[in-house]
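Enquirer: If you want the building blocks of each chain, they are given just below.
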Amino acid sequence: MDAPLLAIENLRTYFYSRAKRAFIRSVDGVSLGVTRGETLGIVGESGSGKSVTALSAAGLVTAGPGVISGRIHLHSNGAARNLLDGLEKYARVTEQDGRVVAVQKDERGWRKHSETLMAGVRGKEIAMIFQNPRSALNPYSTIGKQLVETIRLHTSLKRESEARERAIHWLERVRIDSPRLRFDNFPYGMSGGMCQRAMIAMALSAEPSLLIADEPTTGLDATIQSRIVDLLAELKAETGITTLLISHDISVIQRLSDRIAVMYGGTVVETGRAAEVLAPEATARHPYTAALLASIPSAETIRRKSYLQAIEGEVLDTIEVPRGCRFYGRCNRVTDAIRENCAGIEPPLAEIAPGHKVRCWLYPAAEKA
Amino acid sequence: MRRYVQSPGSVGEFSQLPLWQRAATLDLVYVGYGLLVVALVLASYLLGALGWLPHDPQAMNVGLINAAPFTPGHLLGTDFLGRDLQARLILGIQAYFLPGLLAVTISVVAGSVLGILAGYRGGWFDTIITYFDNLLDSFPRLVLILLVIASFKPDIYYVMVVVGITGMPVIANLIAGKIAFLRQKSFIEAAHALGLPARTVILKHILWLNCRALLVIQATLGMAEAILVETSLSYLGFGVQEPTPSWGNMVQAGANYFLQGNFWPSTAPALAILATILGFQLLGDGLNNLLEGKRRK
Numbered sequence: 001m002d003a004p005l006l007a008i009e010n011l012r013t014y015f016y017s018r019a020k021r022a023f024i025r026s027v028d029g030v031s032l033g034v035t036r037g038e039t040l041g042i043v044g045e046s047g048s049g050k051s052v053t054a055l056s057a058a059g060l061v062t063a064g065p066g067v068i069s070g071r072i073h074l075h076s077n078g079a080a081r082n083l084l085d086g087l088e089k090y091a092r093v094t095e096q097d098g099r100v101v102a103v104q105k106d107e108r109g110w111r112k113h114s115e116t117l118m119a120g121v122r123g124k125e126i127a128m129i130f131q132n133p134r135s136a137l138n139p140y141s142t143i144g145k146q147l148v149e150t151i152r153l154h155t156s157l158k159r160e161s162e163a164r165e166r167a168i169h170w171l172e173r174v175r176i177d178s179p180r181l182r183f184d185n186f187p188y189g190m191s192g193g194m195c196q197r198a199m200i201a202m203a204l205s206a207e208p209s210l211l212i213a214d215e216p217t218t219g220l221d222a223t224i225q226s227r228i229v230d231l232l233a234e235l236k237a238e239t240g241i242t243t244l245l246i247s248h249d250i251s252v253i254q255r256l257s258d259r260i261a262v263m264y265g266g267t268v269v270e271t272g273r274a275a276e277v278l279a280p281e282a283t284a285r286h287p288y289t290a291a292l293l294a295s296i297p298s299a300e301t302i303r304r305k306s307y308l309q310a311i312e313g314e315v316l317d318t319i320e321v322p323r324g325c326r327f328y329g330r331c332n333r334v335t336d337a338i339r340e341n342c343a344g345i346e347p348p349l350a351e352i353a354p355g356h357k358v359r360c361w362l363y364p365a366a367e368k369a
Numbered sequence: 370m371r372r373y374v375q376s377p378g379s380v381g382e383f384s385q386l387p388l389w390q391r392a393a394t395l396d397l398v399y400v401g402y403g404l405l406v407v408a409l410v411l412a413s414y415l416l417g418a419l420g421w422l423p424h425d426p427q428a429m430n431v432g433l434i435n436a437a438p439f440t441p442g443h444l445l446g447t448d449f450l451g452r453d454l455q456a457r458l459i460l461g462i463q464a465y466f467l468p469g470l471l472a473v474t475i476s477v478v479a480g481s482v483l484g485i486l487a488g489y490r491g492g493w494f495d496t497i498i499t500y501f502d503n504l505l506d507s508f509p510r511l512v513l514i515l516l517v518i519a520s521f522k523p524d525i526y527y528v529m530v531v532v533g534i535t536g537m538p539v540i541a542n543l544i545a546g547k548i549a550f551l552r553q554k555s556f557i558e559a560a561h562a563l564g565l566p567a568r569t570v571i572l573k574h575i576l577w578l579n580c581r582a583l584l585v586i587q588a589t590l591g592m593a594e595a596i597l598v599e600t601s602l603s604y605l606g607f608g609v610q611e612p613t614p615s616w617g618n619m620v621q622a623g624a625n626y627f628l629q630g631n632f633w634p635s636t637a638p639a640l641a642i643l644a645t646i647l648g649f650q651l652l653g654d655g656l657n658n659l660l661e662g663k664r665r666k
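Protein sequence lines correspond, in order, to chains Y and R.
Mapping the first sequence onto my numbering, position 359 (from 1) lands on 359, and the numbers just tick up by one.
Heads up, my numbering is the position in the second sequence plus 369, with the first residue counted as 1.
Wrong hints could be hidden among the right ones.
[Stated by the list, open to error] Where chain Y lies over chain R, by a calculated footprint (3+ residues, C-beta under 8 angstroms):
| # | stretch |
| --- | --- |
| 1 | 416 to 426 |
| 2 | 556 to 568 |
[What the hints assert, rightly or not] Listed below are several chain R residues computed to face chain Y (Cβ distance under 10 angstroms; list not exhaustive):
| # | residue |
| --- | --- |
| 3 | L551 |
| 4 | Q553 |
| 5 | A582 |
No wet-lab data here; the hints were simulated from the structure.
From the three backbone atoms N, C-alpha and C, an ideal C-beta is built for every residue, glycine too.
Next up, chain R with everything else stripped away, as it sits in the complex (with noise of 0.2 angstroms):
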């Protein structure tokens, strides 16, 4: 059965409903999932920065090795050398934390402008930006990754630099398309007919009112994908080192015990990961939906 009921307040002001009674539901679970995920991260984060850990992330018990979760003084258990899990597990956020935001910041500021440049301005910029999409688009992002890796350092804040830049022509393409789509409206022109200057109708009119929550929606999904690649090259030993935790390095290090029944210590870590970007994931998802009208009650 199905109810409809005329919202009280003057008739046809949709626009008038506050987000959270106009969105379906499911939407608004994945928001809420996945904002609650970025307030764990940005406590892990700050906790780890403080140094307000619930045990040494480094201080080894041989004598409790791959020890469960519950076990007294060690929530979600030991690692194989008998170090706190759950200590470990925080300040792994350290790893990709800040250089997640380098990449997002990269990918989302450069990005703009490329997509500001080729939609407003057009002609030439558009085609350099549609080749310098299509190169990095055939070309591996981890192999790109590996090469930096290979001719400068294994440094995480160089890896990032590159998932930045490699993120950046989505953003620009996007933008681009908006702005495209914009100009089939006639507002653009007439903001110009009104003497509004060209300033402030690219920031304000085109990037700001139009095109901030695909830039929020790009943000989040850009961050998950940061995540990814720094999990992925711990974890291929290209990234973190130990004894510095990550979360990748933890389940490579797990991994070695875990046919042994110990399965424990690499699936703490690999949990972790999967509930991290799975809420970056719906919570861009989510945004998508509530914020650009994709889908409606």
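With the rest of the complex left out, here is chain Y (with noise of 0.2 angstroms):
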């Protein structure tokens, strides 16, 4: 099989809580794999450390001590190169019985050798989109000039006029009604969702390998929300752009993913193809999922007015992770036969059928791995 295009492998990414003196394990070991064509989802709820990875991949953590150690693999353009290449020298981590106590980071090592590793990579390889577009653009510059100035800056299109041409065509493929006219309007003008399609479009303009959205629809109302869901299936289908999504919402994920992966605590629970993952008739799933599954209301449950299904429990924090699974306290599928696990050893992500791994004591398969 063809080599991932992005390849993340065993990734850490710790913050300091100076208050409490500990780290908090945003991202605890987070390996993944987007192939090439297709979207990757990532679900999880808030500060299950799926915005973090993302981050992470485009070297934007900028908090210390941030991205401690792992693999960041880019596959493009011919060339296999990894991000986070020869940044272990910066970062010394001390561990004592597998966990992390203290890491001696060389902050600013670290970031020029991040800089010069992601030069050419960042907005041209891998280009990101983010929630709240409006604050995403510079309130005091027209949307036509951001863009001509990123698609000078990414493409051989170094003439104004060029550039203005290919601008206006990128804002017609983003559905922006008289592009002509909007070219000169400041993002203060335009509601969220065309601040949205300006920012996809800047994105999309230097023709980057990867496109990280990351809760692209947050912070939208209800109807932009999935009419910006429309346009990114579209451009999947025209570009066939390879996709990292990160959302909260189920059924964004649903719509536009090919794979998911489910985040929790800063690990990921379990991936698969997304129509296995997400079957509504599935089984083997990770207690987790099937609680994510369960919370969402449906046309069934609104019309007998029952209550919406929440998970138990609060978000692990990362501060303080268990020994064993990072779930378990909210579990509501524990065993006696595997209690013992999930207490005090951290399942492994095994795979229950082919391409569909789960990180849980309930499969077989995880006593073998």
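With the hints as a guide, bring both chains together as one complex.
Expert: Rendered as structure tokens:
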């Protein structure tokens, strides 16, 4: 098989809480692969580490200590590179029985080296769109000027007039009405949905290999959300761009993703083809995924006026990570047979069906892995 | 009665209206007056620099001292030595024009650099700049200037360097505050994510697009401040020395004759100071309202 376009291996991104003098293990050993042409959806509650994973891949984590270990391989334009190559020497991680207890990081050296690794990658190979698009555009410049700027930076079109034509072409492609007029609009003169379209145009205008969409529909109202999702689906069909989609909204993930990774407490707890992971009749899945799916209101539950099925307990705070399974405290499927394992040993991500991996002791595959 | 009229052109295109149609009338008056003053000062500076004066500013006429305005040959009258006031007023601009520009340049350039370091880098830069600011604030500016004059020499350029440095923290703080505000919006992060180099983000997206109005406003206010400092020092005798004219030493020289009924020789330069400083201040104020959108019709 073709090597994945982006392969994240054992990524750890930690932050530090001064008040508690403890690490916040936002991303704690995540491995993910995004194959060329597919959309990988990362879903999880707030604080599960999905955005931080994406920011780490784009080299945009600024708070310390940040990325402390892992590899991020990018295979594009026939070249393979590790976006964290050689960064290990700037961070000295001290571990005590499997846990990080201290990190000594040369932040400046790290940042400098990371910038050289990311040069020509960020924006060009990996483009990103964010939530709250209105604040992601410079309020004092027209969207046209901002679009022209990225086009001239990343493509061979260096002449103003050519870049302008390309910019208008892109505004058209993201279905902005009368792009020639909109070209001279400032962000505050446009709706949130329109701004997100402009952001998408800016991200795609560099013709990147990978698009990271970090909660692209958050901060927009419901009808606009579904239009943006439609647009992403159409652009996907047209350009075939590889996408890493991050959302806490399962319906968005469901509509756009080929494969899904469910994250909880800084780790991936389940990955697999979207159809398999989210299939309504499927039984073999992580208890967290099952709970997530059960918490979506359906037409049926609304008609019966029954309560939404919330997940008991609170999202795992990634400061005090338990020894065993991270979901143990909230899990409703622990049986006596596996309780000891659940409480004491973190389950491995084990393959329960071809291409479908689950991190749970319920499945015998976990024992073998 | 108020009129509410839909502007021609498409609906909701607020930004498409020209600036002067969006602005409040008062702000336009402020800015208009300010620009007039700036133009007059600039023109007078050039006249003085080229020596194209209506009269020889040093020529004394003992027969015609403390003459009133509109005396034939002397439009604004003469001073206590019978020298032409109009020519001396025009030449007086030489005393503050270039030094004032120097002070403004120092405070704007250095203030921007410090502001960016504090706002963009943060950390200990921010702390140091805050302390520096507090230090300058707690020390009377005039005393600092007199100290410099005492320890170096009574040169207006030395003084203006001090004025520039003491004006720096205000601008640094404003820029740092602006950056802190902009950081809440994610477009700086988005610009990085789009791969724009840090230099472009800082110089173009932060300083040029978001801070230029603020800098222009601060520059005009800084110029007003510099003029005030120069005239005060010259009045006190620490600035430009006789016989070279400065508005400050003209007020001082005329003041001796003020109570004898010859109020004009000191009132003329005093009015010039008032009108000029008011012009720069109102220009700054008006621009602040226009460009920063502090007041809307």
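Enquirer: Which of the listed hints are broken here?
Expert: 1
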